[in-house]
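There are 2 protein chains.
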Amino acid sequence: MASAATMPDGTAASFPDGTVDYTPLRSSAKDLRKPHITEFPITLNNWYKHVNWLNTFFIIGIPMLGLISAYWVPLQWKTAAFAVFYYFNSGLGITAGYHRLWAHTSYKATLPLKIYLAAMGAASVEGSCRWWSRGHRAHHRYTDTEKDPYSVRKGLLYSHIGWMVMQQNPKRIGRSDITDLNEDPVVVFQHRYYLSCVLTMALIFPTLVCGLGWGDWFGGYIYAGILRIFFVQQATFCVNSLAHWLGDQPFDDRNSPRDHVITALVTLGEGYHNFHHEFPSDYRNAIQWWQYDPTKWMIFTWKKLGLAYDLKQFRQNEIEKGRLQQLQKKLDQKRATLDWGVPLEQLPVIHWDDFVAEAKNGKALVAVAGVIHDVTDFVKEHPGGKALISSAIGKDATAIFNGGVYLHSNAAHNLLSTMRVGVLRGGCEVEIWKRAQMENKDVTYVND
Amino acid sequence: MASAATMPDGTAASFPDGTVDYTPLRSSAKDLRKPHITEFPITLNNWYKHVNWLNTFFIIGIPMLGLISAYWVPLQWKTAAFAVFYYFNSGLGITAGYHRLWAHTSYKATLPLKIYLAAMGAASVEGSCRWWSRGHRAHHRYTDTEKDPYSVRKGLLYSHIGWMVMQQNPKRIGRSDITDLNEDPVVVFQHRYYLSCVLTMALIFPTLVCGLGWGDWFGGYIYAGILRIFFVQQATFCVNSLAHWLGDQPFDDRNSPRDHVITALVTLGEGYHNFHHEFPSDYRNAIQWWQYDPTKWMIFTWKKLGLAYDLKQFRQNEIEKGRLQQLQKKLDQKRATLDWGVPLEQLPVIHWDDFVAEAKNGKALVAVAGVIHDVTDFVKEHPGGKALISSAIGKDATAIFNGGVYLHSNAAHNLLSTMRVGVLRGGCEVEIWKRAQMENKDVTYVND
Ligand code: HEM
Ligand code: HEM
Ligand SMILES: [Fe+2]
Ligand SMILES: [Fe+2]
Ligand SMILES: [Fe+2]
Ligand SMILES: [Fe+2]
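Those protein sequences? They're chains X and Z, same order as listed.
With the numbering used here as the guide, the letters of the first sequence map in order to residues 495 to 942.
With the numbering used here as the guide, the letters of the second sequence map in order to residues 495 to 942.
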């Protein structure tokens, strides 16, 4: 928000590892040793001190005024078309500029493209690029923790807008390294002259276009200016809220980021946020051609036009590895919920003679692969008929079961293992332990 | 086909295990010791001997005649409606009767239901239930092998219709146990009087309905009789062809059966054939409520009406185990195609001092979890900035990498492992081998 304009100019002391502390806004005016307002609970007496009134005015107040004024200003279709067009451009200023270019350096831009992006970013009124990127890097570094400036763990509304309209304790926000941004003249210029940039690009420019273009000064100001700002803001805020709340987690489910096409549609393609948090320096958010990522398409177009270069991509191999491990994790969770029969190591060890004797005494026991199975309840249900399975009682049916008479399906092997009651002393151990490995192998991984 | 009617009546000698040999049709008339025609290649001189002319006439000849006659017989809408209705009923005779009731005994039926199903099965003209079930059990037992009566390995057309219109060597077809069918009076009756049953149910009955009902004798004969037979035949043949050819293999991909909704639509729900071959005695073919399996819905309705009982279902646990193992298998195949870095056991073991010395000499080496990584090419690409990663060169960065400074993502761990160049002597071995287990654990399973 505009409040960033009042920040000291990139001269905060750096830590030896290159990161800088989050310098509080208007730090000179306030005493840092005094406890911050956020350290007190919200009460009826102090609640207004918890609100960041400047931000509230910019994010909620102005749009309200715009909405009310719109009642008296008719919407011309040329103005409407320009407002939509300008909406996309200013949105790209945030997604392709602030986010993918500056916060993540996922590609390099030539000077003209940088100027365009910084200008469009200002037109969105979401704070200076320098301020935004610092917060965003902290968000990636400390995702979902106390140090995450817009942690969704504090609620969807908080991550969407609360973190701006409520006072923040600057000491809480994590540190991040923005030395590269301090060296970028476009970023530094936009930061230094932020308020002028915002006024020019967010309000004056769209008013001029509509006024000089087709005489709709008021419409340009209200629709292409104020209301367009409101929509761009709400849309891009969704990256912090919706993208951490709605959808799947194909790459990692330890943190909150999620992939969803709805978020993508709202945010010019930033909706594949699980991918993005896992591979933040990839210039793409969507990796499939059929997924909606216009920001990626624009960056790619700029590359073809010679305006962008060094587009970074994670190797497909790394991406597939991540996807595979997440699938594996889900499979292992599922595996742990299923009944795989009594673990072999908990079964009694039985002598061959005892096995034969018990089977003679009427117990329907069948040995397969060194394990003894009680098939009493299954004989009449056996899909291969009573006769065949009965013929194996009291015998080692390993070979018949595995192709000698019928090559049983995997399902039959699974079913068999739920019937096991003992291990043959000196049975075919290789088989036994192979099977054990297959069934339990991932349990260790789950418990890791 | 009708040829089954000429088979000897269920008196073939049984093997001790309860199975019976495939008794050739008209065995008394032919000398079994003479080489069978299928043992000779097809030539211009003997091709007609390879054709089973009786079956060909029933499957292709009669429908042709029907199609031609239809030209002169106008189709009345009542007759059309009845033909469709009768199509579904006779189709159920095969799917719910021949297939799920008799071949797989997946549920039990009361006498009235059995009579209805046997009658409708006859109306489909696909051979007696006894003959059909024996072949079908052999198909399940010897799926895709030489002994499978309609193995899709011999081509899609063969599995669809070729196995009936071409002569078969009876010695080739696998044995199966049908003692239970020989004890079922309905099955035995239908087998003994098969030709009469077929004539009555396939032709006379529909002709009578349409003739007595609304005077359309010819239409009933042509549309509800002959052409309806043709469509039912072609549809149910798809279980042997399409269901082994089109679709996914969610439970087991070692054999040909596949799941596909198109096959299901054509075959009254028999299209979830991968499931079916894995769980043949389950009265369902589709296990999800939203999948198309009208045969299952009918059996369930009959149960509610008290006509069917003892509906068999595999435990959901067993089904999920099968699905999980198949997913695991695919995951393992995928895993084997990815680059997981040089296996740890192939890396040189390096002393701590050598590591530090090499790093001092300008090599960008970082130790993490007992493994040494060469990050030279990665420093400038590091999403966390050059400064941070450089600060770890020549050091053990295990703690910083794992949360001390930043808790790296799984993707970062994967990437890291592609950069490894050595193992630290006496490094934290537990970590090393844990990792190795996680990466390679399923390779053994794949090679099983
Ligand atoms: C010992 C426990 C046994 C279990 C748990 C078992 C389980 C099964 C299962 C689940 C099937 C369905 C098809 C499949 O999944 O592959 C099946 C089919 C079959 N079983 Fe078994 N079976 C056992 C023993 C035997 C024995 C000892 C024989 C032979 C002597 C045998 C012969 C067959 C045959 C021939 C079929 C094929 C039936 C068909 O597909 O039409 N089974 N068995
Ligand atoms: C040794 C090899 C290293 C590799 C392969 C590596 C890899 C990565 C990767 C892939 C990311 C992107 C985010 C993620 O996947 O978690 C990342 C981010 C990060 N790395 Fe590293 N890293 C390495 C070393 C280090 C070291 C030694 C430090 C600190 C001293 C460090 C600090 C960070 C930080 C702070 C981020 C977060 C950046 C952000 O999200 O804005 N990394 N690293
Ligand atoms: Fe995020
Ligand atoms: Fe990001
Ligand atoms: Fe089949
Ligand atoms: Fe079947």
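Because the hints were derived from the structure by calculation, they are not lab data.
Heads up, some of the hints might be wrong.
Since the list can't tell identical chains apart, any single copy or any two copies may satisfy a pair.
[Said to hold, decoys possible] Pairs of lysine-lysine, BS3-like flavour, derived with a Cα cap of 30 Å:
hint, residue 1, residue 2
1, Lys528, Lys665
2, Lys857, Lys828
3, Lys528, Lys543
4, Lys824, Lys857
5, Lys824, Lys572
6, Lys880, Lys798
7, Lys602, Lys880
8, Lys889, Lys641
Each hint tested on the structure:
1. With identical chains, the CA atoms of Lys528 and Lys665 are at most 30 Å apart within one copy only, with a shortest distance of 12 Å there and 97 Å across copies.
2. Taking identical chains as interchangeable, the C-alpha atoms of Lys857 and Lys828 are never at most 30 Å apart, the minima being 34 Å within one chain and 44 Å between chains.
3. In the homo-oligomer, the alpha carbons of Lys528 and Lys543 lie at most 30 Å apart inside one protomer (15 Å), although the nearest pairing across protomers, at 105 Å, exceeds that limit.
4. Taking the closest pair of Cα atoms, Lys824 and Lys857 never come within 30 Å of each other, the shortest separation being 40 Å inside a single copy and 39 Å across copies.
5. Taking CA atoms no more than 30 Å apart as the test, Lys824 paired with Lys572 passes in neither setting, with 51 Å inside one copy and 55 Å between copies.
6. Taking the shortest alpha-carbon separations for Lys880 and Lys798, only the inter-copy value of 28 Å comes in at or below 30 Å, while the best intra-copy value is 71 Å.
7. In this assembly of identical chains, Lys602 and Lys880 lie within 30 Å of each other by CA distance solely across copies; the values are 16 Å between and 73 Å within a copy.
8. For a Cα distance limit of 30 Å, the shortest separation of Lys889 from Lys641 across copies, 27 Å, qualifies, whereas the shortest one inside one copy, 66 Å, does not.
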